[in-house]
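Student: Please work from the sequences and hints to get the whole structure.
Line by line, the protein sequences give chains A and B. Using our numbering, the first residue of the first sequence is number 1, and each one after it goes up by one. Using our numbering, the first residue of the second sequence is number 1, and each one after it goes up by one.
Accuracy of the hints is not assured; some may be wrong.
Said to hold, decoys possible - The calculated DSSO-like cross-link candidates involving lysine-lysine, where the alpha carbons are at most 30 Å apart (straight line), are:
#1 Lys245(B) to Lys164(A)
#2 Lys143(B) to Lys43(A)
#3 Lys225(B) to Lys118(B)
#4 Lys43(A) to Lys228(B)
#5 Lys151(B) to Lys101(A)
#6 Lys157(A) to Lys225(B)
#7 Lys135(A) to Lys179(A)
#8 Lys43(A) to Lys179(A)
#9 Lys235(A) to Lys118(B)
#10 Lys151(B) to Lys164(A)
#11 Lys41(A) to Lys107(B)
#12 Lys41(A) to Lys258(B)
#13 Lys142(A) to Lys245(B)
#14 Lys194(B) to Lys135(A)
#15 Lys245(B) to Lys118(B)
#16 Lys226(A) to Lys164(A)
#17 Lys225(B) to Lys164(A)
#18 Lys233(A) to Lys151(B)
#19 Lys201(A) to Lys226(A)
#20 Lys41(A) to Lys151(B)
#21 Lys43(A) to Lys194(B)
#22 Lys228(B) to Lys235(A)
#23 Lys151(B) to Lys135(A)
#24 Lys41(A) to Lys194(B)
#25 Lys118(B) to Lys107(B)
#26 Lys164(A) to Lys142(A)
#27 Lys77(B) to Lys43(A)
#28 Lys107(B) to Lys43(A)
#29 Lys142(A) to Lys225(B)
#30 Lys101(A) to Lys194(B)
#31 Lys41(A) to Lys245(B)
#32 Lys142(A) to Lys118(B)
#33 Lys228(B) to Lys101(A)
#34 Lys118(B) to Lys101(A)
#35 Lys151(B) to Lys235(A)
#36 Lys118(B) to Lys43(A)
#37 Lys164(A) to Lys201(A)
By construction, these hints were calculated from the structure, which means they are not laboratory data.
The residues making up each chain are set out below.
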Amino acid sequence: MPTKIGYAAVLVVLAASAIAFAGPSGGSVTGKVTYEGTPAKQKPIDMSKEPSCAQQHPTPITTETVVVGPGNTLQNVVVYISAGAPDESSAPPQAVTITQKGCQYLPHVVPMVVNQELKVVNADQTSHNIHPLAKINHEWNKSQPPGTPPFSEKFDKPEFIPVKCNVHPWMHSTFVVLKTSRFAVTGETGGFTLPNLPPGKYTVTAWHESYGEQTQDVTIAGSETKSVNFVFKAKPY
Amino acid sequence: MGKLFAAILTLVALASAYPIVTHMYVQPVDISTHGHAIDEQLSDTMAEAGFAFLGAQLLLALFVWRFSNRKNGSNVKHLPGGAKLMVATAFILVGTEVLALGVLGQKAWADVYFTAPKQDALQIQSQAGQFAFYFRYPGADGKFAALHPDKIDEGNGNYFGLDLANDVEARDDIVTAELAIPVNREIQLLMHAKDVNHSFYVRELRIQQDFVPGLDLSVHFTATKTGKYEIVCTQLCGLGHYNMKAYLNVLSQEDFDKWLREKASEQ
Numbered sequence: 001m002p003t004k005i006g007y008a009a010v011l012v013v014l015a016a017s018a019i020a021f022a023g024p025s026g027g028s029v030t031g032k033v034t035y036e037g038t039p040a041k042q043k044p045i046d047m048s049k050e051p052s053c054a055q056q057h058p059t060p061i062t063t064e065t066v067v068v069g070p071g072n073t074l075q076n077v078v079v080y081i082s083a084g085a086p087d088e089s090s091a092p093p094q095a096v097t098i099t100q101k102g103c104q105y106l107p108h109v110v111p112m113v114v115n116q117e118l119k120v121v122n123a124d125q126t127s128h129n130i131h132p133l134a135k136i137n138h139e140w141n142k143s144q145p146p147g148t149p150p151f152s153e154k155f156d157k158p159e160f161i162p163v164k165c166n167v168h169p170w171m172h173s174t175f176v177v178l179k180t181s182r183f184a185v186t187g188e189t190g191g192f193t194l195p196n197l198p199p200g201k202y203t204v205t206a207w208h209e210s211y212g213e214q215t216q217d218v219t220i221a222g223s224e225t226k227s228v229n230f231v232f233k234a235k236p237y
Numbered sequence: 001m002g003k004l005f006a007a008i009l010t011l012v013a014l015a016s017a018y019p020i021v022t023h024m025y026v027q028p029v030d031i032s033t034h035g036h037a038i039d040e041q042l043s044d045t046m047a048e049a050g051f052a053f054l055g056a057q058l059l060l061a062l063f064v065w066r067f068s069n070r071k072n073g074s075n076v077k078h079l080p081g082g083a084k085l086m087v088a089t090a091f092i093l094v095g096t097e098v099l100a101l102g103v104l105g106q107k108a109w110a111d112v113y114f115t116a117p118k119q120d121a122l123q124i125q126s127q128a129g130q131f132a133f134y135f136r137y138p139g140a141d142g143k144f145a146a147l148h149p150d151k152i153d154e155g156n157g158n159y160f161g162l163d164l165a166n167d168v169e170a171r172d173d174i175v176t177a178e179l180a181i182p183v184n185r186e187i188q189l190l191m192h193a194k195d196v197n198h199s200f201y202v203r204e205l206r207i208q209q210d211f212v213p214g215l216d217l218s219v220h221f222t223a224t225k226t227g228k229y230e231i232v233c234t235q236l237c238g239l240g241h242y243n244m245k246a247y248l249n250v251l252s253q254e255d256f257d258k259w260l261r262e263k264a265s266e267q
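Tutor: Below is the structure:
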């Protein structure tokens, strides 16, 4: 008898974990972002005015307004569910980090959810000022001398915010503040996956800092995986 | 007590003059064709001011020494003519000195500002903006393309606001963060302020010229020694002013041509 109870208990635990696993899984949207045409040439950045940064890049880094990968893939594209999914009721508890290293913003594009904590780190031996040029959110401009601890900020409205450092004009990033946590940023392969989508009709938006936005509608039934690809038109200038 | 004061005054005056007379502070090297005139002007000014300073202090010390501890009741002797003549003489002396400096200095100033650059001077545009300098060379067509402030996109390396999509002339313009120039060739630097007042100062070139928003200013100079020198902003222009600098790289004509070709290929 105790053995049977034991079996039953194991079964209950298994079933519960199966439900827990299956619960959020649902369907997903996966795809690739590519470009056609000739993208603008990225220029080497001359950091000679800031020797402590220049020496961190034996080969100068280039501008990052269009970063491509093999097979015409496009990096730094934020793909997200712009309609169909409910807004987040609360911000994710973990912070998003942007690091200033070698007079460069890492990562180049920083997606986050409305009211999510943004941690700003200065890993350089020089002062930076982080200046998000917000129009809908409150605009701020904070100086961060070397060795000072990271500071945190948050944005309470969705917005694509260009970010600059006035001391090092080549430094450029974008804070992408979204209502949803269902987003992905493309890497070298240009690929993305938006998992755990309950059945329903969604609008998927792909945003690129130089090439703008594209949207596609997709309907998810059950736990299927839908493929959505985006092709941006690249311009040499 | 008076004599002690006179002695201290003499000592202080002589000690102040000592570092100047013995050239304790070395002038930075002069790498320009016009710099000697400015250096001469500075040393003339220093000599005139120094003589006047020392003369006045030593005379004061002498009078204090000579006429302190006067016996009570003795009359003070005045120079003939009274206070009016003294003031008039001082005006004439100081006025002559100031005028003389102005007349002598006029030449150093006019060499740079009232003389047009030669026809074959190399034109380079310099843009000062918070908080960096950028430079533009006209490229193969020899023309500077028009600027469009709305096109400025620093993250994309478009610091000047060139309309690369529509303006073919803009595509060969060479934009750099350092000012490289050929040695022994006259340079005309066109000054363009992007936002607020800035200044272009290279002490070895003996040039300090403000950038003023809305004004097309220019300076011309010829560098005579190769090397790397610092360009700094000397007008307080905002929070990053302390870090607003660039480098002047004076190269041989051959090295300059090579450098310009490299930079052209990076555009």
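Student: Holds or violated: Lys41(A) and Lys151(B), Cα atoms, limit 30 Å.
Tutor: Status holds; Cα separation ~17 Å.
Student: With the threshold set at 30 Å, check whether the alpha-carbon distance from Lys235(A) to Lys118(B) stays at or below it.
Tutor: violated (41 Å)
Student: Next pair to validate is Lys41(A) with Lys258(B); report whether the Cα-Cα distance is within 30 Å.
Tutor: Holds, because 21 Å separates the two Cα atoms, which is no more than 30 Å.
Student: Against the 30 Å threshold, does the CA-CA distance of Lys226(A) and Lys164(A) hold or violate the hint?
Tutor: Measuring from Cα to Cα gives roughly 37 Å; hence the hint is violated.
Student: Hint check: Lys135(A) vs Lys179(A), CA-CA at most 30 Å. Holds or violated?
Tutor: Answer holds: Lys135(A) to Lys179(A) is near 17 Å, not above 30 Å.
Student: Taken at face value, is the distance from the CA of Lys245(B) to the CA of Lys142(A) at most 30 Å?
Tutor: Between Lys142(A) and Lys245(B) the Cα gap is close to 21 Å, so the pair holds against 30 Å.
Student: Has the given pair, Lys143(B) with Lys43(A), been kept, meaning a C-alpha gap of at most 30 Å?
Tutor: Status holds; Cα separation ~21 Å.
Student: Taking 30 Å as the top limit, are the C-alpha atoms of Lys201(A) and Lys226(A) close enough?
Tutor: Holds. Lys201(A) to Lys226(A) sits at ~12 Å (cutoff 30 Å).
Student: For Lys41(A) and Lys194(B), compute the direct alpha-carbon distance and say whether it is at most 30 Å.
Tutor: Answer holds: Lys41(A) to Lys194(B) is near 25 Å, not above 30 Å.
Student: Below or equal to 30 Å on CA atoms is what counts here, so check Lys164(A) against Lys201(A).
Tutor: Given pair Lys164(A), Lys201(A) is violated - Cα atoms ~37 Å apart, limit 30 Å.
Student: Can you confirm whether the C-alpha distance between Lys43(A) and Lys179(A) stays at or below 30 Å?
Tutor: violated (34 Å)
Student: So if I understand the rule, the pair passes when the alpha-carbon distance is 30 Å or less; does Lys77(B) with Lys43(A) pass?
Tutor: Roughly 81 Å between the alpha carbons, so the hint for Lys77(B) and Lys43(A) is violated.
Violated hints, in rising order: 6, 8, 9, 11, 16, 17, 22, 27, 28, 29, 32, 34, 36 and 37; the structure is consistent with all others.
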